[in-house]
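Protein chains in written order, with this note's numbering: chain E, 1 to 178; chain W, 1 to 312.
FYI, nobody ran anything at the bench for these hints, they're computed from the structure. Quick reminder that beta carbons are idealized off the backbone N, C-alpha and C, glycines included. Check the hints yourself; a few may be wrong.
Unchecked claim - Derived Cβ-Cβ restraints for the label pairs, each shown as a range:
id, chain 1, residue 1, chain 2, residue 2, range
1, E, Glu2, W, Leu164, 49 to 55 Å
2, E, Ala139, W, Phe22, 48 to 54 Å
3, W, Trp63, E, Ala96, 46 to 52 Å
4, E, Gly162, W, Pro86, 46 to 52 Å
5, E, Arg167, W, Pro259, 38 to 44 Å
6, E, Gln124, W, Ala239, 40 to 46 Å
7, W, Trp89, E, Thr62, 46 to 52 Å
8, W, Ala168, E, Thr62, 23 to 29 Å
9, W, Arg154, E, Thr91, 57 to 63 Å
Stated by the list, open to error - A few chain E residues that face chain W, going by a derived Cβ cut-off under 7 Å, partial list only:
id, residue
10, Leu59
11, Thr62
12, Gly68
13, Tyr72
14, Ala78
15, Ala82
16, Pro98
17, Leu99
18, Ala103
19, Phe105
20, Gly162
21, Pro169
22, Leu171
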Amino acid sequence: MELVPGPLVALAGGMLGAAVAAPISAWVRWRRGVPLRRVGISTLLFVWVALQLGVGVLLLDTTWPLTGYPMYAPPQPAGRPAPVLVLTGLTADGQAVPLPTTAWFLDPLDLQARVFERLRDPGQRDAVAARLLRQYNAARPAGALLRALRVEIEWRAVGPHGAERWREPLLFYEEDVP
Amino acid sequence: MTAPRASARGPLLVLWEHWDRFWLAPQPAVGLAWLRGITFATLLHFALTDGVWVERLGAVDPWFYRPIGLFDLLGIGPLPAVLVGPLRWGLALGGLLGLLGVGARWVAAASALAYGYAVGQLYSFTNVHHGEALLLVALVACAGSSCDAVWAWRPRWWRPRASLLAPATPVPGWPLQLVRVQVALTYWLAGYAKLILAGPGWADGATLQFYLLLRGEPLGGWVAQSPELCRLLAALSLAGELAFPLVLRWPRLGWLFVPAALLFHLASQRLLAVGFAHFLPFLMLFLDPRLLLRLHRALPRRRPTVHLAGAV
């Protein structure tokens, strides 16, 4: 919202204000003989559209089902590599298991959006890794539980010779074995 | 009821009259059946596909839970495990009943609440995605209209007061308009966000290239290697999003914009793995209901059965 220019914030404020004031206008119309059902429907539609426009102009997201639509809008400088979280689990016998992020949530980037910054924070990373491991193990048979989690950042870019990918280790977390 | 005298109407009331004309202009009732069919088929699809994720939420660590604004306001916590099954299969049942037209208005109202709760839960555990609000709007439109009065199955145990309508009966067109406007606003606001956050430079393709790499789809990775292709796709997307609302003023433009939007979503699915499965079907509502009516009339009729008892 802080990225929206002032005049547009004022415009959105006007729309939200109009939505709040619509019932007054509805009362006036009803008093002037417009059928109540018609007044009710058209006022509700006005309120919905005004709220949707106001929230959309402010680029708000947490107000679902009324939201802005900033998907894929934040600008990226040309050639900037894309960072992607890559998780690998390790079983007790040292076997590496690639873990798709869709093992946690529907969209491949949902998990990344939720935990990426926390995994980069030395003060939080172990606690977050422990939760991820516990969550993943909850759906696995007892004999195939993961004991450790390796987290890397895969950088993806387009270089002079085409697509390039390289990985940077972020953390290794191992569960304490009682 | 008489209309207010012209001299007594202020500019605000005149504006309201234009507003009402846009929303309430009559359309054949077949449009409501069309809306109902698309809405409940989409709901059924949601229950059978994304419903798996709703069920899984029952086992997700509540630590991941960050409630959307409405849930925060209402004090709604993570989905209780005991509710996950009934919620998913209740939505599926709602989809089936609504498709058949059995008590579709009540079913739509209940489904809207359940669907809003289910999607709100999903978004409280993940990011807010942008393809799911439309189905909620369509369910509300069904709940508020006579969507169960055309091509509906009336079992013996269900005796609603309202009678069935002929497909050509004129009814207020607001339910269809509401979904159309919501679709147009979605596109326009997506284009607006790009202009505000990145400016017209968004169309240079660099941002699209970044997101293609981030999403990691094989075809997307291939497209990302061509800056020209990225630029072309970005410019077309931005122009299409900003221009889509023109369809509301000139409905014939739908013949251009609706196929373009379908293509856009199919391409997004392949290049970015961005599924708009519960948004896409509603583009069909830009079809003029009168066209459906003509199709309906053109369908071969079943001949009346001739009883020959007296002739034998």
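Query raised in the report: Of the numbered hints stated previously, which ones are contradicted by the structure, given in increasing order?
Result: 3, 7, 8, 16, 17, 18, 21 and 22
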